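Can you make the complete structure from the sequences, with help from the hints?
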Amino acid sequence: MTVIFDIASWLFIAAGAFFTIVGALGILRMPDMYTRCHAAGILDPFGVSLILVGLMFQAGLTLVTVKLGFLIVLLMFTSPVSTHALGRAALHHGLKPLLADDKQTGDVSSKR
Amino acid sequence: MFTAATLALLVAIGLAIGRACLGPTVFDRVLAANTIGTLAVCLMAVYGFLTERPEFLDVAIVYTLLNVLGTLAILKFFRFGSLGDPEEGEPADRPEAGR
Numbered sequence: 001m002t003v004i005f006d007i008a009s010w011l012f013i014a015a016g017a018f019f020t021i022v023g024a025l026g027i028l029r030m031p032d033m034y035t036r037c038h039a040a041g042i043l044d045p046f047g048v049s050l051i052l053v054g055l056m057f058q059a060g061l062t063l064v065t066v067k068l069g070f071l072i073v074l075l076m077f078t079s080p081v082s083t084h085a086l087g088r089a090a091l092h093h094g095l096k097p098l099l100a101d102d103k104q105t106g107d108v109s110s111k112r
Numbered sequence: 113m114f115t116a117a118t119l120a121l122l123v124a125i126g127l128a129i130g131r132a133c134l135g136p137t138v139f140d141r142v143l144a145a146n147t148i149g150t151l152a153v154c155l156m157a158v159y160g161f162l163t164e165r166p167e168f169l170d171v172a173i174v175y176t177l178l179n180v181l182g183t184l185a186i187l188k189f190f191r192f193g194s195l196g197d198p199e200e201g202e203p204a205d206r207p208e209a210g211r
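Chains as they are written, first to last, in this note's numbering: chain Z, 1 to 112; chain W, 113 to 211.
Please keep in mind that the hints were generated in silico from the structure rather than gathered at the bench. You may find that some hints are simply not true.
List of simulated lysine to aspartate or glutamate pairs, DMTMM-like, C-alpha gap at most 25 Å [as the list claims (entries may be wrong)]:
| hint | chain 1 | residue 1 | chain 2 | residue 2 |
| --- | --- | --- | --- | --- |
| 1 | Z | K67 | W | E167 |
| 2 | Z | K67 | W | D170 |
| 3 | Z | K67 | W | E164 |
DEER-style ranges, computed between Cβ atoms [claimed, not checked]:
| hint | chain 1 | residue 1 | chain 2 | residue 2 | range |
| --- | --- | --- | --- | --- | --- |
| 4 | Z | F77 | W | A152 | 12 to 20 Å |
| 5 | Z | F70 | W | T163 | 17 to 25 Å |
| 6 | Z | A8 | W | D170 | 20 to 28 Å |
| 7 | W | V174 | Z | A100 | 40 to 48 Å |
Here are some chain Z residues the structure puts well away from chain W; computed CB gaps all over 10 Å [what the hints assert, rightly or not]:
| hint | residue |
| --- | --- |
| 8 | M1 |
| 9 | T2 |
| 10 | V3 |
| 11 | F5 |
| 12 | G16 |
| 13 | L52 |
| 14 | L61 |
| 15 | P97 |
| 16 | L99 |
For clarity, every value in this text was computed on a predicted model and none was experimentally measured. Each residue gets a CB set at the ideal place from its N, CA and C atoms; glycine is no exception.
In structure tokens:
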């Protein structure tokens with residue numbers, strides 16, 4: 001039984017680490033701010049939550065698992081809220097999304 | 113296993129710090145700061161397991177709440193130009209604010 005939990009924990013932590021790296025790479029490499037919001041939306045609830053689920057398999061049925069579950073629920077609620085508020089504030093501020101017929105460079109949209 | 117997760121989180125934090133230094137607008141920097149905060153929460157949890165001291169989870173829960181509150185406060189400041197003090201009038205009446 002312990003071996004099964006170890007393997008499941010390994011799988012979840014590896015998948016979470018993969019999505020975390022991919023999301024951070026997207027934040028660094030995406031061309032404008034709204035697509036970076038999309039990459040952050042992958043990273044925050046998905047990569048981090050998968051790593052925390054992997055930690056829950058390691059902890060077993062203790063208080064630590066309850067705290068980890070609380071942390072996951074909190075992240076699932078707060079991260080989309082902050083990403084949505086960020087996109088709304090940027091749109092209200094006058095930041096245009098980068099469209100397909102714009103130029104290739106990312107600083108078309110950077111009207112501060 | 114925990115070492116691999118810690119290394120992945122550190123690499124991700126490094127990439128987000130790169131965006132926070134490069135980012136052309138202030139919203140990119142706020143996005144990167146929010147991401148760094150979330151990754152720091154996860155790093156605290158994983159580090160607690162790595163050193164076999166899961167008490168770090170209490171700190172991580174508090175840090176999540178502080179992270180989202182800080183992000184919303186910064187965004188409200190950049191949108192309205194104030195944090196909503198009653199002496200400064202209604203924020204919606206000041207369309208010139210927020211730059």
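The hints, checked one at a time:
1. K67(Z) - E167(W): 10 Å, holds
2. K67(Z) - D170(W): 8 Å, holds
3. K67(Z) - E164(W): 15 Å, holds
4. F77(Z) - A152(W): 12 to 20 Å: 18 Å, holds
5. F70(Z) - T163(W): 17 to 25 Å: 21 Å, holds
6. A8(Z) - D170(W): 20 to 28 Å: 25 Å, holds
7. V174(W) - A100(Z): 40 to 48 Å: 43 Å, holds
8. M1: At roughly 18 Å from the nearest Cβ of chain W, M1(Z) sits farther out than 10 Å, so the non-interface label holds.
9. T2: T2(Z) clear of chain W: closest Cβ-Cβ about 14 Å, beyond 10 Å.
10. V3: 14 Å, holds
11. F5: 12 Å, holds
12. G16: At roughly 7 Å from the nearest Cβ of chain W, G16(Z) sits no farther out than 10 Å, so the non-interface label is violated.
13. L52: Not fine: 6 Å to the nearest Cβ puts L52(Z) too close to chain W.
14. L61: Given a closest Cβ separation of 14 Å, the condition holds.
15. P97: For P97(Z), whose nearest Cβ neighbour in chain W is about 12 Å away, the distance exceeds 10 Å, so it holds.
16. L99: It holds; L99(Z) is separated from chain W by about 17 Å at its closest Cβ, greater than 10 Å.
Of the numbered hints stated above, those contradicted by the structure are hints 12 and 13, listed in ascending order.
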